[in-house]
Amino acid sequence: MPHYARGGFSRLTRRLTRRQFVARSISATVGAAALTRALSACGPTTDSNTALVIGTPESPVTLPTVGEPIADGLAPESGTLSVYNYADYVNPETIAAFEEQFDVKVELSIYDTEEIALAKMRSGGVRPDLIIGLTDSVLARFVAAELLQPLNKSYLTNFGNVIEGLRDPYYDLGAQYTVPYVIYTTGIGYRTDRGVDTSAFVGDEGWSQMWNPAYAGRAGVLDSYRDTISMALYRNGVYDPNSNDADALAQAGSDLEALAEAVRPQVDILAYQEIAAGNRDISLCWSGDMLAGVGYLPEGTSPDVLGFWYPQNSFTANDFFCIPRESQKPVLAHALVDFLLDTDNSLANQAFVGYQPALDALTAEALVDAGAIPESLVSSLVTPASFAAGKRLVSLTPEVDALWLDAWSRFTTG
Amino acid sequence: MSTPSPRSPGRTPARTRRASSTPSRAWSVFALPGTAWLAVFFAVPLYAVAAIAFGRIDPVFRNALPAWNPLRWEFATFADVLGEIVAGELRGVAVRTVLFVVVAVFCSLAIGYPVAYYLARSAGRTKTLILVLIVLPFWVSYLMRMLAWVNLLQRDGLVARFTSLFGIEHNWLDGSATAVTLGLVYGYVPFLILPLYATLERLDWRLVEAARDLGASPRQAFWRVTVPLSRPGVAAGLMLVALPMLGDYYTNDILSRSPRTEMLGNQIDFYLNAGTQPQRGAVLVLVLSFVLACLAWWYVRDNARSQEVR
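Note that the protein sequences, when read in sequence, are chains A and B. Letter by letter, the first sequence follows residues 1 to 414 in this note's numbering. Letter by letter, the second sequence follows residues 1 to 310 in this note's numbering.
Don't read these hints as lab results, they were simulated from the structure. Just so it is clear, the structure is predicted and the values come from calculations on it, not from any experiment. Ideal Cβ placement from N, Cα and C applies to all residues, glycine included. Check each hint, because a few of them may be wrong.
Said to hold, decoys possible - Label-pair ranges, simulated between beta-carbon atoms:
{"no.": "1", "chain 1": "A", "residue 1": "G124", "chain 2": "B", "residue 2": "A304", "range": "45 to 53 angstroms"}
{"no.": "2", "chain 1": "B", "residue 1": "D80", "chain 2": "A", "residue 2": "N236", "range": "26 to 34 angstroms"}
{"no.": "3", "chain 1": "B", "residue 1": "V102", "chain 2": "A", "residue 2": "E261", "range": "16 to 24 angstroms"}
Said to hold, decoys possible - If you want the footprint, here are the derived chain B segments under chain A, 3+ residues with CB under 8 angstroms:
{"no.": "4", "segment": "92 to 98"}
{"no.": "5", "segment": "103 to 111"}
{"no.": "6", "segment": "172 to 181"}
{"no.": "7", "segment": "199 to 210"}
What the hints assert, rightly or not - Chain A stretches covered by chain B per the calculated footprint, using a threshold of three residues with CB under 8 angstroms from any CB of chain B:
{"no.": "8", "segment": "106 to 118"}
{"no.": "9", "segment": "126 to 139"}
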């Protein structure tokens, strides 16, 4: 046994003279102070003193302008365009067509939640040229963090194709920072060939199917605290996906705990793969997931095995394109946005992504007529009327957000 | 006074011996790379975690605001998280983590000991082949191996198709504890086998033969001689599997993703990576580090005692 293994510390200290002890203590203190100062320079240590500008359908907002849009008439940059996006949220073939047209490369980076995207972009861990998939539930924080640049519409010749109601959206009047990408609602996706009781999908009780122990081990919910908690709120008749009611949110948290106990759901955003592959029978998901799932069905499986319940009382959303303030290729980023706003390109993109493009020409009827939608999934299409009727998830104030996160923590701890 | 003074001539030879066996200062230079490595990759990151744990959170963006100066540390969140571990919503996660790890370690030992014993005693020419087979999975990343299991265990996977031939329909990936525990066992059992094999290989088997000569049955010889002598290897193996299991999160992430199988590592991942509550994540890292340090300390002590006995 080494001689210092037992009582080694006291022996060592006994060997030190007083002078050595004082000298080493001073060295340690100075070293620690220097380290502290060095580390302090690594990141923010004080609160951001920022007020969020949050738009709601009842109270639209013009977001504060940070910086200037790029100048008109610039040529697209060459090289590699870095795009930050959800997984499987753009058609590789459409991207390949863009690459060929502009003789550039597109490099995709993936994020799982908007909160992660915000955290990584604020920390500088990710510096994309274009970000796809943000919603108005985080837009206020992205703008407050000064992460986005105002767009130059002169590069967006296809902007007129966007759904009329979203050309001047409540969350960003004048569409200074955002261009709509897709529209969708949140509902329940399921397999039609696995004995899911579709007759139970009626009214708010339809949500209760997610609590049905018959689906234990075969269910999933969205890894999106806003959507999953909203499901629990709607089930309880609270039709407010931005609720600040602490009691209602606490109840939703308890209900989700019960759901975890009864069903052991998988928590992710992979319903489009898992249901299609047959690993899951039922899942809280976005309407586009089931449309995307068609492409993930095993060979020879009919698309009719996929179904979607569109709730009567719903919450709807649209994702959008944004260009980060530090984009190194802003002209090329504008070019890709414009490329995806083209009706034909957008239709090709929809064939892979599943989600409905936010374009006037590509209505639910047009998609059905184009044969892009299986009959069993026509119910998942968002019409102008249903889109308008759905409540919108908007940014929450930090205090209200904390209530939501508390409820979510109760669920995720199982 | 008859007791010799430390300065008495009788002590001089001992002092001389000690002085000559003390490493010169020049040799301590060799410790510099290791010390620097520890400082840069262990001490500083650990301090950063503490600064986040005892710091604050930006109320708007929910990012960590580390308190680098210990005089400004705030302990409210630390106390909250500890309280939740003891009697709050994190207690279930903590208990579940310990339970999963205990079961997985026990299963690993039950699988690993016979394999290591066979390797050391009876494998003969096949020893090298078996060792290669044990090490072979390490050539593939842990993540890929787990994803492979997902493919095997999913509903139309090979395992399900095979068991259905015998009328057994079972959904392995149903968010239950079984899949996660078995995943932990599969992922870490080689770490237990290898140190155990090394110990058994070096074991003085003449002692076992002596026990047999003295009338012990094979079973008695095994339990009274082999097992006690292999204890250092068992302890090393248990440490090597238990420590990473306690902080594991991707096994659950891949094989379950259910809140009912969340482990402490998953909560840390959730708090830190979801970008919403990094302070709580940092506190959990500290708590977990403390538990792991206690286990490591126990191992070092146990190992030192074993060497003393020898």
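Here is how each hint holds up against the structure:
1. A:G124 x B:A304: 45 to 53 angstroms: With a Cβ separation near 46 angstroms, G124 of chain A and A304 of chain B satisfy 45 to 53 angstroms, so the hint holds.
2. B:D80 x A:N236: 26 to 34 angstroms: Given range 26 to 34 angstroms: holds, Cβ gap about 28 angstroms.
3. B:V102 x A:E261: 16 to 24 angstroms: At roughly 22 angstroms between Cβ atoms, E261 of chain A and V102 of chain B fall inside 16 to 24 angstroms, so the hint holds.
4. 92 to 98: The restraint on the segment 92 to 98 of chain B holds, since 3 of its residues have a Cβ under 8 angstroms from chain A and three suffice.
5. 103 to 111: With 0 residues in contact (Cβ-Cβ under 8 angstroms with chain A), the coverage given for the segment 103 to 111 of chain B is violated.
6. 172 to 181: holds (count 4)
7. 199 to 210: Since 0 is below three, the answer is violated.
8. 106 to 118: With 4 residues close enough to chain B, the hint holds.
9. 126 to 139: violated (count 0)
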